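Engineer: Let the sequences and hints guide you as you build the complete structure.
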Amino acid sequence: MSTTQIPEERCHTARNPSLSPTLAEVPLVAAPVAPPEPDTRAGFALELIEKWAIHRGEEICSPERYFPVPPSLYLDMFCRWQLASLFARPRPGFWEALTIAAVDADVPALKDWPYRKDGEEGLVVFLRSASVQVDEEFARRKRVRAVEEEAEKRAGRQDDSIQDAPTDAESYRAWQRAQDDRLARLALASRQLSTASAAGSGPGREQDREQDREQDRVAIPQTGGVHKRRRLVRRTFLQTPRQTLRIPKPPRRKTRATHSTSSA
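For the sequence shown, my numbering gives the first residue as 7, with consecutive numbering after it.
One should not assume that every hint holds.
Derived lysine-lysine pairs resembling DSSO-like cross-links, with alpha carbons at most 30 Å apart [unchecked claim]:
(1) Lys159 <-> Lys148
(2) Lys117 <-> Lys57
(3) Lys57 <-> Lys123
(4) Lys57 <-> Lys148
Computed Cβ-Cβ distance ranges for the label pairs, DEER-style [to be verified]:
(5) Pro114 <-> Ala161: 43 to 53 Å
(6) Val150 <-> Arg179: 39 to 49 Å
(7) Glu154 <-> Ser68: 39 to 49 Å
(8) Arg179 <-> Ala152: 38 to 48 Å
(9) Gln139 <-> Glu64: 15 to 25 Å
No lab work stands behind these hints, which were simulated from the structure alone. Predicted, not measured: the structure shown is a model, and the values here were computed from it. For each residue, glycine too, the CB sits at the ideal point set by N, CA and C.
Structural biologist: See the structure below:
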């Protein structure tokens, strides 16, 4: 039995880690395509791309169709998103010399486009014109946003001035509340006086009147609002019994009717 001596430098041990089998390289995975954010350059470009895709899809479909044409019929969703990402930042000099090869470098999904053979030239022409429209629309919406923000700031400053100013109004409301409370107390006193005069005084009436005063004292301050207190005062005056003074009428005198007779 013969043995084969393996050189030490060829031995797969911890002393020779470089000879150990290595793991295969992990393939690179493309980053997932995300839709562009609204109110951005890419968002404005996506709106134009979808309108263009719908228009080209309507040219392919029959005019007697009974359904609206979606943009995905002519251009895939991921392809539209990648095309919109070309407009994410200003690229001076890029659009004038734009070719389909330059588009393929930034839009990998365009290689599997089913209408590529007949539509790549029209796509390049559209992207060149869309770059001008995106710049103009982005500048216009930026001006509109600035005007809206300025209007909101002015409205905020006006609200702050209104909140700081009402010192006189607060004093007027406090004065009005004091006047209403005074009228309520006068109405309560009038009601108590009328009740005492009508019912008279007795051993149990004093305790009942004290309970009525306590109920009125608790009820009147808890009524919130100027108009509620005014209605309470008006209702109290109307519901307060009035003591009427009855004056006896003089007796009616019975008189006889006198008939004058004239002699012929």
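Engineer: Each of the hints needs a verdict: does it hold here or not?
Structural biologist: Hint check:
no.: 1; hint: Lys159 <-> Lys148; result: holds, 17 Å
no.: 2; hint: Lys117 <-> Lys57; result: holds, 21 Å
no.: 3; hint: Lys57 <-> Lys123; result: holds, 21 Å
no.: 4; hint: Lys57 <-> Lys148; result: holds, 22 Å
no.: 5; hint: Pro114 <-> Ala161: 43 to 53 Å; result: holds, 48 Å
no.: 6; hint: Val150 <-> Arg179: 39 to 49 Å; result: holds, 41 Å
no.: 7; hint: Glu154 <-> Ser68: 39 to 49 Å; result: holds, 44 Å
no.: 8; hint: Arg179 <-> Ala152: 38 to 48 Å; result: holds, 40 Å
no.: 9; hint: Gln139 <-> Glu64: 15 to 25 Å; result: holds, 20 Å
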